[in-house]
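Protein chains in written order, with my numbering: chain A, 1 to 118; chain B, 1 to 111.
Treat each hint with caution, since some may be false.
To be verified - Restraint-style ranges between C-beta atoms, simulated for each label pair:
#, chain 1, residue 1, chain 2, residue 2, range
1, B, Leu-19, A, Asp-57, 34 to 40 Å
2, A, Arg-85, B, Arg-72, 32 to 38 Å
3, A, Glu-14, B, Ala-79, 45 to 51 Å
4, B, Ser-12, A, Arg-9, 26 to 32 Å
5, A, Val-12, B, Ser-53, 42 to 48 Å
6, A, Asn-52, B, Pro-14, 48 to 54 Å
What the hints assert, rightly or not - Computed from the model, here is a short list of chain B residues facing chain A with C-beta under 7 Å:
#, residue
7, Leu-44
8, Ser-46
9, Leu-47
10, Asn-97
11, Met-99
12, Phe-101
13, Ala-103
Stated by the list, open to error - Sample of chain A residues with no beta-carbon within 12 Å of chain B, all distances over it, derived:
#, residue
14, Val-12
15, Gly-16
16, Gln-17
17, Thr-20
18, Arg-22
19, Arg-41
20, Asn-52
21, Glu-62
22, Asp-63
23, Ala-67
24, Lys-68
25, Asn-71
26, Arg-114
Since the hints were made in silico from the structure, they are not lab data. We put the beta carbon where it would ideally sit given N, CA and C, even for glycine.
Spelled out, the chains give:
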Amino acid sequence: DAGVIQSPRHEVTEMGQEVTLRCKPISGHDYLFWYRQTMMRGLELLIYFNNNVPIDDSGMPEDRFSAKMPNASFSTLKIQPSEPRDSAVYFCASSLYPPLKVLNTEAFFGQGTRLTVV
Amino acid sequence: KQEVTQIPAALSVPEGENLVLNCSFTDSAIYNLQWFRQDPGKGLTSLLLIQSSQREQTSGRLNASLDKSSGRSTLYIAASQPGDSATYLCAVWGNNNDMRFGAGTRLTVKP
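Go ahead and model the full structure; you've got the sequences and the hints to work with.
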């Protein structure tokens with residue numbers, strides 16, 4: 001398998017524009033996470049899905065952020081409108097099962113999308 | 001909400017030294033703990049996974065231990081090499097099936 005695939009790898013956009021980040025989890029993985037990484041705050045959990053259903057979106061910083069998982073092989077994280085403080089690296093990760101189901105489940109990360117909002 | 005702390009924030013050692021990285025978490029009701037490595041500008045690579053019922057896991061020169069009741073884990077790296085230079089992150093799988101990270105330890109191994 002190619003692993004978790006994120007696109008684009010880099011995105012530069014102007015303040016106020018809509019940004020859509022994309023993630024393709026490992027085939028067969030039921031669990032998907034979105035994280036944001038900054039120097040100041042480290043890796044923050046934004047939202048996670050189980051079987052395409054959002055489980056907890058309490059980490060989404062503002063209503064400007066939204067995430068969807070229309071099917072098992074694709075998820076998007078959208079920011080509308082974007083602001084300079086949204087500049088960060090956004091990671092997607094997937095795992096085969098949640099640990100409630102299989103204890104030794106392991107998470108695999110994509111290479112991230114580096115977002116710069118100017 | 002689970003809080004994960006890693007100490008030290010940065011560490012610089014000469015090649016060949018054995019070293020220990022520390023991770024602590026506030027809620028001991030966890031499923032697993034996973035250690036990752038992150039190279040600059042790259043994604044996260046999984047190193048070791050310890051289930052809540054286990055005390056330690058080993059992979060090559062790496063050994064991770066877990067003391068769930070006290071909310072602590074350590075990552076031991078034996079005979080460090082310059083190629084070990086990276087940021088090491090611990091992540092805790094909580095009872096909500098979420099996975100939360102510490103801020104990481106930035107390791108530099110000098111030749």
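Okay, the hints, checked on the actual structure:
1. Leu-19(B) - Asp-57(A): 34 to 40 Å: holds (38 Å)
2. Arg-85(A) - Arg-72(B): 32 to 38 Å: Given a distance of about 34 Å, which is inside 32 to 38 Å, the answer is holds.
3. Glu-14(A) - Ala-79(B): 45 to 51 Å: holds (50 Å)
4. Ser-12(B) - Arg-9(A): 26 to 32 Å: holds (30 Å)
5. Val-12(A) - Ser-53(B): 42 to 48 Å: This hint holds: roughly 46 Å between Cβ atoms.
6. Asn-52(A) - Pro-14(B): 48 to 54 Å: holds (49 Å)
7. Leu-44: This interface hint holds because 4 Å falls under the 7 Å limit.
8. Ser-46: Ser-46(B) check passes; min Cβ-Cβ to chain A is 6 Å, inside 7 Å.
9. Leu-47: violated (10 Å)
10. Asn-97: Hint holds; Asn-97(B) Cβ to chain A Cβ min 4 Å, cut 7 Å.
11. Met-99: Holds: closest Cβ of chain A sits about 6 Å from Met-99(B), inside 7 Å.
12. Phe-101: holds (4 Å)
13. Ala-103: Interface hint status for Ala-103(B): holds (4 Å vs cutoff 7 Å).
14. Val-12: holds (16 Å)
15. Gly-16: holds (27 Å)
16. Gln-17: holds (24 Å)
17. Thr-20: Answer for Thr-20(A): holds, closest chain B Cβ roughly 20 Å.
18. Arg-22: holds (15 Å)
19. Arg-41: violated (8 Å)
20. Asn-52: holds (15 Å)
21. Glu-62: holds (18 Å)
22. Asp-63: holds (20 Å)
23. Ala-67: At about 15 Å from chain B, Ala-67(A) clears the 12 Å cut-off, so the statement holds.
24. Lys-68: Nearest chain B Cβ is 19 Å from Lys-68(A), so the label holds.
25. Asn-71: Given a closest Cβ separation of 21 Å, the condition holds.
26. Arg-114: violated (8 Å)
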